[in-house]
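A.B. asks: Listed here are the chains, written in short residue letters.
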Amino acid sequence: MDALNATDDISQVVILLEANPYFWGGRSNGAHSTGPANFTFDRFLEHVLLFINSLHLLNQANRIVVIATGATSCAYLYDSNAAELSENARTARVSKKLSVVEKITQKLEDFMSKEAVYDLNQGTEDNRYSLLSGSLSMALCYIQRILRGPSPHPLPRILCLQGTPDAPPQYIAVMNAIFSAQRSLVPIDACIVGNHHSAFLQQATHITGGIYMKPPAPEGLFEYLSMVFATDLYSRKFLQLPRASGVDFRASCFCHKKSIDMGFVCSVCLSIFCKGQRTCTTCNAIFAPSKQPNPAAAAAQKRKVS
Amino acid sequence: MGPEEDGTNPMDEDGDGDAEEQGRDMEAWEKAYAEDRSWEALTEDASGLLLAVDVTQQQRQHRRRFAASKGPRIQRGIIRYVFVVCDFSRAAAEADFKPSRMGAVANCVEAFVREFFDQNPLSHLGLITIRNGVARRLTDLSGSPEAHIRALRANLECSGDASIQNAIDLARGYLSSIPSYGHREVVILYSALSTCDPGDIMDSIAECKKANIRCSVVGLSAEIYICKTLCDKTGGVYSVAISESHLKELVLEHAPPPPAVAESAVASLVRMGFPQRGAEGTVALCACHREVKLGGGYTCPRCKARVCELPTECHICGLTLVSSPHLARSYHHLFPVPGFEEVSVQLQSMGKFDVLRLCYGCQQELPTAAVYPLRVMSLWRCDRFCRKQGNSGSETGVSTLQAALLF
Numbered sequence: 001m002d003a004l005n006a007t008d009d010i011s012q013v014v015i016l017l018e019a020n021p022y023f024w025g026g027r028s029n030g031a032h033s034t035g036p037a038n039f040t041f042d043r044f045l046e047h048v049l050l051f052i053n054s055l056h057l058l059n060q061a062n063r064i065v066v067i068a069t070g071a072t073s074c075a076y077l078y079d080s081n082a083a084e085l086s087e088n089a090r091t092a093r094v095s096k097k098l099s100v101v102e103k104i105t106q107k108l109e110d111f112m113s114k115e116a117v118y119d120l121n122q123g124t125e126d127n128r129y130s131l132l133s134g135s136l137s138m139a140l141c142y143i144q145r146i147l148r149g150p151s152p153h154p155l156p157r158i159l160c161l162q163g164t165p166d167a168p169p170q171y172i173a174v175m176n177a178i179f180s181a182q183r184s185l186v187p188i189d190a191c192i193v194g195n196h197h198s199a200f201l202q203q204a205t206h207i208t209g210g211i212y213m214k215p216p217a218p219e220g221l222f223e224y225l226s227m228v229f230a231t232d233l234y235s236r237k238f239l240q241l242p243r244a245s246g247v248d249f250r251a252s253c254f255c256h257k258k259s260i261d262m263g264f265v266c267s268v269c270l271s272i273f274c275k276g277q278r279t280c281t282t283c284n285a286i287f288a289p290s291k292q293p294n295p296a297a298a299a300a301q302k303r304k305v306s
Numbered sequence: 001m002g003p004e005e006d007g008t009n010p011m012d013e014d015g016d017g018d019a020e021e022q023g024r025d026m027e028a029w030e031k032a033y034a035e036d037r038s039w040e041a042l043t044e045d046a047s048g049l050l051l052a053v054d055v056t057q058q059q060r061q062h063r064r065r066f067a068a069s070k071g072p073r074i075q076r077g078i079i080r081y082v083f084v085v086c087d088f089s090r091a092a093a094e095a096d097f098k099p100s101r102m103g104a105v106a107n108c109v110e111a112f113v114r115e116f117f118d119q120n121p122l123s124h125l126g127l128i129t130i131r132n133g134v135a136r137r138l139t140d141l142s143g144s145p146e147a148h149i150r151a152l153r154a155n156l157e158c159s160g161d162a163s164i165q166n167a168i169d170l171a172r173g174y175l176s177s178i179p180s181y182g183h184r185e186v187v188i189l190y191s192a193l194s195t196c197d198p199g200d201i202m203d204s205i206a207e208c209k210k211a212n213i214r215c216s217v218v219g220l221s222a223e224i225y226i227c228k229t230l231c232d233k234t235g236g237v238y239s240v241a242i243s244e245s246h247l248k249e250l251v252l253e254h255a256p257p258p259p260a261v262a263e264s265a266v267a268s269l270v271r272m273g274f275p276q277r278g279a280e281g282t283v284a285l286c287a288c289h290r291e292v293k294l295g296g297g298y299t300c301p302r303c304k305a306r307v308c309e310l311p312t313e314c315h316i317c318g319l320t321l322v323s324s325p326h327l328a329r330s331y332h333h334l335f336p337v338p339g340f341e342e343v344s345v346q347l348q349s350m351g352k353f354d355v356l357r358l359c360y361g362c363q364q365e366l367p368t369a370a371v372y373p374l375r376v377m378s379l380w381r382c383d384r385f386c387r388k389q390g391n392s393g394s395e396t397g398v399s400t401l402q403a404a405l406l407f
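In order, the protein sequences belong to chains A and P. Using full-length UniProt numbering, you'd call the opening residue of the first sequence number 1 and step up by one each time. Using full-length UniProt numbering, you'd call the opening residue of the second sequence number 1 and step up by one each time.
Worth double-checking, as some hints may not be accurate.
Below 27 Å or equal to it, Euclidean Cα-Cα: the simulated DSSO-like pairs (lysine-lysine) are [unchecked claim]:
| # | chain 1 | residue 1 | chain 2 | residue 2 |
| --- | --- | --- | --- | --- |
| 1 | P | LYS210 | P | LYS228 |
| 2 | A | LYS257 | P | LYS248 |
| 3 | A | LYS258 | P | LYS304 |
| 4 | P | LYS210 | P | LYS248 |
| 5 | A | LYS275 | P | LYS210 |
| 6 | A | LYS237 | P | LYS209 |
With the C-beta cut set under 10 Å, the calculated list includes, among others, these residues of chain A facing chain P [unchecked claim]:
| # | residue |
| --- | --- |
| 7 | TYR142 |
| 8 | ALA251 |
| 9 | HIS256 |
| 10 | ILE260 |
Hints were generated in silico from the structure; no laboratory data involved. Ideal Cβ positions, reconstructed from N, Cα and C, are used throughout, including at glycine.
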């Protein structure tokens with residue numbers, strides 16, 4: 001079956017790279033990790049750079065953007081469109097053509113030095129978490145720019161390489177990003193290189209129609225990336241891709257943070273509680289001693305009115 | 001020459017004053033069109049696409065609207081029970097909106113229904129039509145968009161008079177049986193210029209106010225006093241559309257939750273269930289279609305019945321079933337994204353800000369026109385996208401950069 005349009009198999013891939021120094025540093029020390037201690041950041045970067053080059057090989061019209069997710073900020077590392085779209089006045093100083101690898105490593109060094117500066121000024125924040133919401137937002141802004149451009153445009157998707165666990169303060173921002181990706185029909189794929197499954201990314205991939213995967217052997221990362229995440233959206237129909245075994249959609253209650261399958265929701269601010277209480281701790285609304293309307297009585301009343 | 005029959009200037013002897021005479025013949029609104037040469041204002045951007053006429057004017061309007069909605073966080077009615085009233089009287093057959101007023105209304109209502117359930121997954125919607133002076137309920141208050149759209153498309157015919165009083169009385173009857181924590185609303189899409197009521201409409205309006213029902217009207221013909229009174233007394237919004245796209249815009253403005261008056265709904269704890277998704281390969285009898293379904297589906301935590309999609313109410317035990325993304329969908333109304341500040345070009349050139357060439361959000365070149373930074377430069381379009389979709393993620397990344405930028 002031929003592609004419906006000529007551009008069906010051209011992709012715009014935005015890769016969100018985990019670049020949190022606390023995660024990678026702690027990992028190689030073996031402090032928190034249970035995985036192989038020799039999967040360090042440079043090995044990881046090698047796999048990713050190979051993957052980027054292989055994406056370029058798959059189709060010369062494929063476009064790739066890499067965004068680094070740090071602990072306190074995010075930055076663009078590489079944009080394959082930039083050389084084509086820019087006016088070239090500023091690239092005069094870069095007279096020799098840098099390869100992809102060199103461009104990325106150069107930008108990464110700049111990013112890391114900026115991160116070090118922020119970190120000194122900030123003091124010790126909660127550095128266990130990376131700024132996933134920030135990099136997702138930047139990726140979506142970039143994709144919106146591509147979608148506004150001349151059509152036909154490549155089919156965009158986001159690949160998220162996540163190592164750190166989910167950050168609870170970023171929940172709302174991440175969910176907003178997921179919904180806007182859903183509206184724009186942009187699938188979010190997730191490849192977990194850390195130790196913990198990520199509930200945010202499981203929900204993201206389920207809602208947007210992407211693939212979620214936690215490779216059991218991360219030192220073979222390139223194989224997983226090229227087998228699973230390299231295919232464009234059109235060709236995914238013909239492949240048997242790994243399906244998520246179960247998505248946990250249960251909410252967690254605000255009082256104890258344990259996941260519940262049946263609870264009470266404040267009608268004003270939508271906070272979730274596991275048992276009934278007099279006032280809402282989030283919005284201070286005082287609850288009327290309500291009795292739930294009996295569904296049978298409500299149905300009888302509806303029948304009477306109609 | 002004697003006085004002309006049509007009352008034009010009788011003093012003209014010859015054809016000299018013809019142009020002037022024509023100028024005086026034309027009404028004021030005609031003159032506006034005679035001088036309007038809007039085709040000359042069309043411009044193309046770098047890639048050859050046509051730009052909207054006067055982009056800066058549009059941007060300014062959008063900015064004003066966003067600035068108006070900024071400000072202290074206001075309480076919004078998240079759990080809404082809305083009745084949409086469509087006027088299918090003979091005035092809806094007019095063709096000033098394409099294809100007809102009724103067709104334009106049907107398209108807008110379809111888009112509104114989808115947008116409404118997207119923005120308010122916990123809310124319910126019902127449809128009422130006015131035809132021959134009588135209001136009839138088309139669909140019951142429910143949470144599934146397809147049923148409403150199907151019923152609307154099957155019922156497109158118009159005749160007779162329109163009656164606002166019958167419509168709001170009918171809606172009030174249905175809305176009296178909903179739980180007390182819900183916010184009651186009625187949105188009327190009114191094409192007629194008059195209303196043909198069986199009694200005193202002011203009594204009906206007073207009853208609506210007492211029942212805390214917020215009535216809004218979108219008019220298609222002209223501004224009508226009774227609609228304005230209805231909206232003012234009940235706290236709704238009255239607007240009149242001047243074209244199809246304006247109509248769509250006005251109707252979609254009712255999709256996000258409106259600001260809530262404290263007394264309009266009682267705060268209470270609603271019991272909800274968060275079902276798990278079944279694994280692929282499980283076979284079960286689903287409660288909504290009464291047939292055997294393979295794989296997928298959700299299990300009600302109270303009565304273990306299987307339902308096909310969320311959000312819904314369990315058909316067996318009546319428990320509201322939602323998933324956490326549905327609740328999260330409403331959080332962006334409750335916690336809106338803070339605004340970006342505008343920086344004019346003069347301040348930029350004064351070197352007050354560390355000049356960055358590229359937009360932080362999308363790496364596009366910044367134009368030399370006014371831009372919108374929140375301590376970093378970003379394009380106005382990125383800001384609008386962020387606020388529209390409620391993306392506040394970039395703000396967390398951005399706020400820490402203030403230490404590094406030179407001010």
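A.B. asks: Each hint: holds or not?
C.D. replies: Going through the hints against the structure:
The hinted pair formed by LYS210(P) and LYS228(P) meets the criterion: a straight-line CA distance of about 18 Å does not exceed 27 Å. A distance of roughly 42 Å separates the Cα atoms of LYS257(A) and LYS248(P); the hinted pair therefore is violated under the 27 Å criterion. Under the criterion of a C-alpha separation no larger than 27 Å, the hint pairing LYS258(A) with LYS304(P) is consistent with the structure, at around 21 Å. Distance check on the hinted pair: LYS210(P) and LYS248(P) sit about 30 Å apart at the alpha-carbon level, beyond 27 Å; violated.
Between LYS275(A) and LYS210(P) the alpha-carbon distance is near 33 Å, which puts this suggested pair outside the 27 Å criterion. Proposed proximity of LYS237(A) and LYS209(P) is contradicted: the alpha carbons are some 55 Å apart, above 27 Å. The beta carbon of TYR142(A) is positioned within 10 Å of a beta carbon in chain P (closest approach about 5 Å), and the interface hint is therefore held. Evaluation of the ALA251(A) hint against chain P yields a held restraint, the C-beta minimum of about 4 Å falling below 10 Å.
Hint status for HIS256(A) relative to chain P: violated, with the closest Cβ pair at about 15 Å, above 10 Å. Hint on ILE260(A) holds. Least Cβ distance to chain P is approximately 7 Å, under the 10 Å limit.
Hints 2, 4, 5, 6, 9, counting from the list given before, are not met by this structure.
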